[in-house]
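Taking the hints into account, I'd like the entire structure generated from these sequences.
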Amino acid sequence: MRQVRLDDAAFMNQRSDALVLKTREYGDADLIVTFFARELGIVNGFAKSARKFRSRFGASLEPLSHVRLTLMGKEGAALPRITQADIIDSFRAIREDLQLLLHVAPLADFMAGMLHEHEPHPRRFDLFLAALRSFEKGAPRELVALAFRVKFLWMTGYAPRTGGCGRCGATFQGSFALFYPTQGTVLCRNCAPEGEAEAVKLGAEAVKLLETVKTRRFDELAVMPVSGEALAGAGRVIDAHVKRHG
Amino acid sequence: MSIGIVENLIEQLSKLPGIGRKSAQRLAFFIMAMPDAEARGIADAILALKDKARFCGQCFNICETGICDICSDARRDASKICVVEEPSNLIVIERTRSYRGLYHVLLGSLSPMDGLTPERLKIRELVTRVAHGGTEEVIIATNPNTKGEATAQYIAELLKPFNVAVSRIAYGLPIGGDIEFADEVTLAKSLEGRRTMG
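Chains as they are written, first to last, in the numbering used here: chain D, 1 to 246; chain R, 1001 to 1198.
Hints are computed from structural coordinates only; laboratory data are not their basis. A hint or two may mislead.
Said to hold, decoys possible - Under the rule of at most 27 Å between Cα atoms (straight-line distance), these lysine-lysine pairs were calculated in the DSSO-like manner: (1) D:Lys52 x R:Lys1052; (2) R:Lys1189 x D:Lys137; (3) D:Lys214 x D:Lys201.
Next up, the structure:
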């Protein structure tokens, strides 16, 4: 008769919807896959023989695939085994368009860098999924990428303050604002520190854009007219903010 | 016998990809039990590879001279270049005996999820080869995955200014399998790439 070990209970199947973020080749034909799983957070899994043509995983472990994932291993194990990954949405249209993929890949990287392993974040998962769907539908790439980053930072509590002066609360007036990455906020002329050279100049349209994208759905953004200048300005603020605080 | 010798071999063998300490230990004891000539054969083959093997100056296949056997074979169709990621891919295609053109080995693939780094690969050398003329078709046989697809698209874009046909090997179902076990993406790709019969 099989002896029941005390730690048998700790071995379990873990199931979750997940997005494939990255894969790394291991050994002759195996893969180590990094997922962002809705119920498990960032997790790595080991896929035995996944690179073989007759692998049961097929194309399910390609980056950005949305899958129904089953992992087998001890809870919290560093590298549980991937026992099943059924495709829900392959996001082929993104993967097969190199220019689009180059837009999306840094977002996955940005997101993974802001999350800790094994910490579930269902709302952030849903946000990334919504962004991918929007990219796939052909929404404006730069705008969706910006909106995703702003919304994600907002959800994590790291969003830059651009709606008004971060010190005195004065509302934005004039043709441009100055964003201070060290302070993580726009500051009015009275509150701006003297001699700070790092301020990012932000036009009125860019200020409005950064506020608008926080609350608009991705499909609403798709029909929003935005100038290239405003997009670039808003992007510079997010870049500077993430570089400083990310 | 000093156990240090065995320990050293285990340590050296475990540097190989996919070989953990347990497998290395098994291999070390297997080698110890081998006839001398066979064990020396393995050691000599490794040394010969390191001493003599180099990359072909034209296609970056592995060879012992400056130009590989395939590139120097006048019977091969020099108007076709098949682009592969690794020399091991070239060996597999050669085994099919259905391709008689030349090759170009990229020595890797682009990884869009980690940022493109085309300078790591032999892509510039491929473009130079095509620019020299004499090529009518470039067949891109990179792996059918995200990296391989990105590499193929990148190369196809670079070769646009030249008057050459750029083709991609077909996607499809593996022969001998059942359709019910195919995943959606592979099946969709094979439907897209269907051919008229008769």
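Practice task
Decide if the proposed pair is consistent with the structure: Lys1189 (chain R) and Lys137 (chain D), CA atoms, cutoff 27 Å inclusive.
Solution key: Holds - the C-alpha atoms of Lys137 (chain D) and Lys1189 (chain R) are around 19 Å apart, at most 27 Å.
Handout entry: Satisfaction of hint between Lys1052 (chain R) and Lys52 (chain D), Cα-Cα up to 27 Å
Key = Given that 27 Å is the threshold and the Cα spacing comes to 31 Å, the pair is violated.
Handout entry: 27 Å Cα cutoff - pair Lys214 (chain D), Lys201 (chain D)
Key = holds, 20 Å
Consistency with the previously given hints fails for number 1 only.
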